[in-house]
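Peer 1: Chain by chain, the residues:
Protein chains: 4
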Amino acid sequence: MDQPTQRNSRRKEARPGEILDAALAIFGEKGYAAASIEDIAKRAGVTKGTPYLYFKNKEDLFKALIIASISPTVDGLTEYLKEAQSLPVALQLQGTLHFWKTNVLDTSRSIILKLMMAEASNFPEVARFYQSEVIEKITDQLAALITLGIERGEFRPINVESITHALLAPMIYAVLQKHCFQCHQHPAPEDWLPDSVQVLIRGLLIQPTINTNLPPQHC
Amino acid sequence: MDQPTQRNSRRKEARPGEILDAALAIFGEKGYAAASIEDIAKRAGVTKGTPYLYFKNKEDLFKALIIASISPTVDGLTEYLKEAQSLPVALQLQGTLHFWKTNVLDTSRSIILKLMMAEASNFPEVARFYQSEVIEKITDQLAALITLGIERGEFRPINVESITHALLAPMIYAVLQKHCFQCHQHPAPEDWLPDSVQVLIRGLLIQPTINTNLPPQHC
Amino acid sequence: MDQPTQRNSRRKEARPGEILDAALAIFGEKGYAAASIEDIAKRAGVTKGTPYLYFKNKEDLFKALIIASISPTVDGLTEYLKEAQSLPVALQLQGTLHFWKTNVLDTSRSIILKLMMAEASNFPEVARFYQSEVIEKITDQLAALITLGIERGEFRPINVESITHALLAPMIYAVLQKHCFQCHQHPAPEDWLPDSVQVLIRGLLIQPTINTNLPPQHC
Amino acid sequence: MDQPTQRNSRRKEARPGEILDAALAIFGEKGYAAASIEDIAKRAGVTKGTPYLYFKNKEDLFKALIIASISPTVDGLTEYLKEAQSLPVALQLQGTLHFWKTNVLDTSRSIILKLMMAEASNFPEVARFYQSEVIEKITDQLAALITLGIERGEFRPINVESITHALLAPMIYAVLQKHCFQCHQHPAPEDWLPDSVQVLIRGLLIQPTINTNLPPQHC
DNA sequence: AATGAATGAGCCTTCATTCAT
DNA sequence: GATGAATGAAGGCTCATTCAT
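Chains as they are written, first to last, in full-length UniProt numbering: chain A, 1 to 219; chain B, 1 to 219; chain C, 1 to 219; chain D, 1 to 219.
Be a bit skeptical, because a hint or two may be false.
Chain copies aren't distinguished; within one or between two, either way the pair holds.
[Said to hold, decoys possible] Think about it this way: if two alpha-carbon atoms lie no more than 20 Å apart in a straight line, the pair counts; the simulated DMTMM-like pairs of lysine to aspartate or glutamate are:
1. 178 with 79
2. 101 with 195
3. 58 with 21
4. 101 with 161
5. 178 with 59
6. 82 with 13
7. 63 with 195
8. 58 with 83
9. 137 with 29
10. 101 with 59
11. 63 with 79
12. 178 with 151
13. 178 with 125
14. 178 with 38
15. 42 with 195
16. 48 with 151
17. 48 with 195
18. 82 with 140
19. 58 with 154
20. 56 with 125
Hints are computed from structural coordinates only; laboratory data are not their basis.
For clarity, every value in this text was computed on a predicted model and none was experimentally measured.
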């Protein structure tokens, strides 16, 4: 992929990213404890000493990996919702799920979620950080949308927090299904996710029949 | 089940179970690789060598733990659905979620799900086994219910597989939320789960308005 | 040295001592940093994991080694001086040096002194501890003796602290000479130490000529 | 010695010396094994690779350090004694100790002695070299002085080798005290060293009473 | 059946050393 | 000359596993 300068060209700028990519793959596959730095290094095309030039130790590399995954996950969503403000809330919800699919689920970064869940009790501070920076931010956005939907008269008045989690559930589950039980599972997330969202939205709408014909390509 | 010398519960027959209980706690908390046999032994009130009298090695203990958790999880559900056959499908679905909450979520066994997800790629055969014995069995039951609901005219005709996963999502997510991000998260599963199911069911019903007044204590 | 029970007989009581003996040899020879736990283990006839059954880590083993060497070094001296109380102070001083020779210099433990000096700046707390428990206790005993000698009219009135160090110097130097530049050095400590003490004592005495004929076997 | 661009002292000729100075400090503080080349380089204001431009490897740097410290330590002493030849031997001895204090003890170079003692068994050839070039040369000078003192009738006839070491002992001990147990030790070498020498000399003199009034500022 | 001393493979981490720039 | 990215050997430490008691 690189211009043919030298085999092991010194490229300080690229290294941390390459190592983080490798760490994502290896940590994601094996979990924190079972992943060895040497495996990560090999995957990154370097030797076992090199990661320590960029990360203090294994834990530090792990934390850096989590942190690096956060803004791409969350920032884009905020932006999307700003642009979609004027749409019907039902459409915004579908768009949110679509954004999640495109920017998390279909991304190698999605495995971070599984990793965080597996390691939450081993790294409580990291877990708290991830929760406040990712989970809660998404939760807040969803809650705001639902509140808006109720205010605009699109949705029935209903407990906002509960529905927030009702919407979060398929997002999380889709990721876990992909990474944990993916092999030979026919209804892949892209198949069931749109239908599920539609059912949920229909359950929220005051006039459900109208919504049934929403253009499916939005999710 | 306890008859002689109940005081110190040091009867040989109890040992494997005690060790499995300890393994559930320690594996659940730390994950497979970070859990040490000695920790498990200590938690079980025995010493390092004892687990090896009952389990060939660490992997074997792990597999036994997964397998031991399977029938209590699934068998009861089948039974419940047999008894509930004559109820409206919507109610059966609510009952199914209620069963899940009572017999999995509120149980120490629920952590197995998190464990399986974390270790799926490290133990593919175990993961496959768990999937076919637990996930698919639940999926099949849900699919059958939804099909029945459509046949009976309770539910709109809709893709069954998709909705199956729409229902599975909150079940899985509730468990993970409890074990991974539990600390200080107000909307606990018992709060949002019933509402979510109700919204989903409303989204499925042909005549949604009727369902809104379902007795909430069913889930 | 052991009865022919088994090759690797389990003998928990003896192990810590054996490992400390090995640590004394290896640390003494190579210094703290250059000594490897595996070397120590091999010397003790065990494998590299075994030391960790008895000592938390390398530093802990090092500290235990220092501490274990302290009471044999100091306690006997106190006792000797109690018994020798009624002798002329000059004789007590000679006896003290003789005690040092017998119980420190001629002992494998003597290398601890060199070790402490080499590692003092790497283990400041240990150094402080050694200083207060060994060096200062010996210093105090010497100072008390000299004071007594002055009071009894045996010694000229002279700065006590200074002379304390004048007496300590050959004790320390003898040890270091033995361990650092020992190879092919003819005047071994046993040769020059008695003469040196005699000269020092003669320098202290009010009537030096008398002392010149002190029985040499006392030191 | 500094002529052009004195400001940043980055002249090539100065480098080896700067690195040796840094090596002296770092080796002296941590010992050979615990000192890292990078620490030394940093202290010298250069980077990791630079020492290798001037020294083949770590061991080579260490040896060069020892060798560089030798002539300043020994040469001056020979010179001093040549000039002092006509003085009473007792005064020459005091002068020798004074020279040691000024040119070794009060010098950063003094730490070499501690270093050599700590590393003697790790670098036997270096130790032998140091012994023959430093210790033995000083020993020889001292022995010659004492012999002279006896010949001149100043000193009692006594074993020369023994007394040589009796005089060497406080010189060595003073250095070690300074570098190993220096913190908060009140009788610093400058306090006890002159008194000690005086007592030793008094022990050597044929007519001790005369010597007691030697001017104390000579040592 | 249970213990726990001992083993040794494996992994994290450091650091002397090299070399392309 | 100087840099500093990269290497890889070495060593601290853990822990699954064994086995004599």
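Peer 1: Please go over all the hints and tell whether each is borne out by the structure.
Peer 2: Tested hints:
no.	hint	verdict
1	178 with 79	neither (26 Å within a copy, 30 Å between copies)
2	101 with 195	within (14 Å within a copy, 24 Å between copies)
3	58 with 21	within (14 Å within a copy, 31 Å between copies)
4	101 with 161	between (22 Å within a copy, 19 Å between copies)
5	178 with 59	neither (26 Å within a copy, 24 Å between copies)
6	82 with 13	neither (33 Å within a copy, 63 Å between copies)
7	63 with 195	neither (36 Å within a copy, 35 Å between copies)
8	58 with 83	neither (40 Å within a copy, 53 Å between copies)
9	137 with 29	neither (26 Å within a copy, 26 Å between copies)
10	101 with 59	neither (29 Å within a copy, 35 Å between copies)
11	63 with 79	neither (25 Å within a copy, 45 Å between copies)
12	178 with 151	neither (35 Å within a copy, 31 Å between copies)
13	178 with 125	between (26 Å within a copy, 17 Å between copies)
14	178 with 38	neither (27 Å within a copy, 34 Å between copies)
15	42 with 195	neither (42 Å within a copy, 49 Å between copies)
16	48 with 151	neither (57 Å within a copy, 61 Å between copies)
17	48 with 195	neither (46 Å within a copy, 51 Å between copies)
18	82 with 140	within (14 Å within a copy, 41 Å between copies)
19	58 with 154	neither (49 Å within a copy, 55 Å between copies)
20	56 with 125	within (17 Å within a copy, 27 Å between copies)
Violated hints, listed in ascending order, are 1, 5, 6, 7, 8, 9, 10, 11, 12, 14, 15, 16, 17, 19; each of the other numbered hints is respected by the structure.
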